[in-house]
Amino acid sequence: SHTFLSSIAASNGPILGTILSFPHTITAKLAARAGFQWLMIDMEHSPFTMEQATDLVHAVVAASQGACLPLLRIPSHSTEWIKWGLDTGAAGIIVPMVHTAADAEAIVDKALYPPRGSRSFGPYNAPFGSLDPGTSFADYYAKAQARGPAILPIIESREGVRNAEAIMAVDGVTGIFIGPYDLRLSLGLSGGSDGPEEEFVAAVEKIVGIGKRLGKPVGSMGTGEELSAKRTKQGMDFLLVSFDYNALVKGYRTDLENA
1 SHTFLSSIAA
11 SNGPILGTIL
21 SFPHTITAKL
31 AARAGFQWLM
41 IDMEHSPFTM
51 EQATDLVHAV
61 VAASQGACLP
71 LLRIPSHSTE
81 WIKWGLDTGA
91 AGIIVPMVHT
101 AADAEAIVDK
111 ALYPPRGSRS
121 FGPYNAPFGS
131 LDPGTSFADY
141 YAKAQARGPA
151 ILPIIESREG
161 VRNAEAIMAV
171 DGVTGIFIGP
181 YDLRLSLGLS
191 GGSDGPEEEF
201 VAAVEKIVGI
211 GKRLGKPVGS
221 MGTGEELSAK
231 RTKQGMDFLL
241 VSFDYNALVK
251 GYRTDLENA
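Using the UniProt record's numbering, the first residue of the sequence shown is number 1, and each one after it goes up by one.
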């Protein structure tokens, strides 16, 4: 089965995904079959149970026949979320509010099995993140040791930007997601996914440049034709171009207006 990194390598341009904020498998299955190459199950701002998140991961893999990669945005850096998130068999975890290399190192330690890290072994649900019915615990362990599951810290603060190179250089960090809303707020700017302010533009370009230099993918929000084109031109490797909540609201409004 392909991984987050191999999907990026095989793509002509950034891989495109959506945010899942509804804890329902039908939404996950609809998104998985819409043509997205990946999606982000958002546990940071939607209070899913871990059981719900696990079911969403498996629903996405099954509905898309492995074509759409499920990644989990976990709520915090704590051991249980990292462990449970990876034990779903997800294609990776996205970890919010990473400000320093020490933060990134601690996340990697919890996410990787020994000898590199200290992750505990017991991936009961992980085989169902694969389409191969013969996948065993041993197969998952081998995939994990080969760094198959992605570990993607979010840089979304002034401090994170300052420490971006050290964060991204940590062995075990697969790539970086730029969280534009919180980054802009941290810089004293209005919220949103983009803006023309010099400090914000410089921060985004700095992180993308480091990613190119270190060979690590960088992604962010890319909703709408203008922003997705802009982020693609800047050299980003993965983008969130939709959001289940907004897609449903827009669809309802369009149908109502048409009627």
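Keep in mind the hints are simulated off the structure, nothing from the lab. None of the values given here were measured: they were computed from a predicted structure. There could be a bad hint or two in this list.
Taking lysine-lysine pairs in the PhoX-like style, the calculated list, with each CA pair at most 20 Å apart, reads [claimed, not checked]:
| no. | residue 1 | residue 2 |
| --- | --- | --- |
| 1 | Lys250 | Lys233 |
| 2 | Lys233 | Lys212 |
| 3 | Lys206 | Lys230 |
| 4 | Lys83 | Lys143 |
| 5 | Lys206 | Lys216 |
| 6 | Lys206 | Lys250 |
| 7 | Lys216 | Lys233 |
Here are the in silico distance ranges between beta carbons for each label pair [unchecked claim]:
| no. | residue 1 | residue 2 | range |
| --- | --- | --- | --- |
| 8 | Ala259 | Tyr124 | 43 to 51 Å |
| 9 | Lys250 | Leu189 | 40 to 48 Å |
| 10 | Gly209 | Thr254 | 37 to 45 Å |
| 11 | Ala166 | Glu257 | 36 to 44 Å |
| 12 | Ser76 | Glu257 | 34 to 42 Å |
| 13 | Leu185 | Ser76 | 27 to 35 Å |
| 14 | Glu199 | Glu51 | 24 to 32 Å |
Beta carbons: idealized from backbone N, C-alpha and C, even for Gly.
Evaluated hints:
no. : hint                           : in the structure
1   : Lys250 with Lys233             : violated (27 Å)
2   : Lys233 with Lys212             : holds (13 Å)
3   : Lys206 with Lys230             : holds (15 Å)
4   : Lys83 with Lys143              : holds (15 Å)
5   : Lys206 with Lys216             : holds (13 Å)
6   : Lys206 with Lys250             : violated (34 Å)
7   : Lys216 with Lys233             : holds (17 Å)
8   : Ala259 with Tyr124: 43 to 51 Å : holds (48 Å)
9   : Lys250 with Leu189: 40 to 48 Å : violated (26 Å)
10  : Gly209 with Thr254: 37 to 45 Å : holds (39 Å)
11  : Ala166 with Glu257: 36 to 44 Å : violated (50 Å)
12  : Ser76 with Glu257: 34 to 42 Å  : holds (41 Å)
13  : Leu185 with Ser76: 27 to 35 Å  : violated (19 Å)
14  : Glu199 with Glu51: 24 to 32 Å  : violated (42 Å)
Comparing the model with each earlier hint shows violations of hints 1, 6, 9, 11, 13, 14; every other hint is respected.
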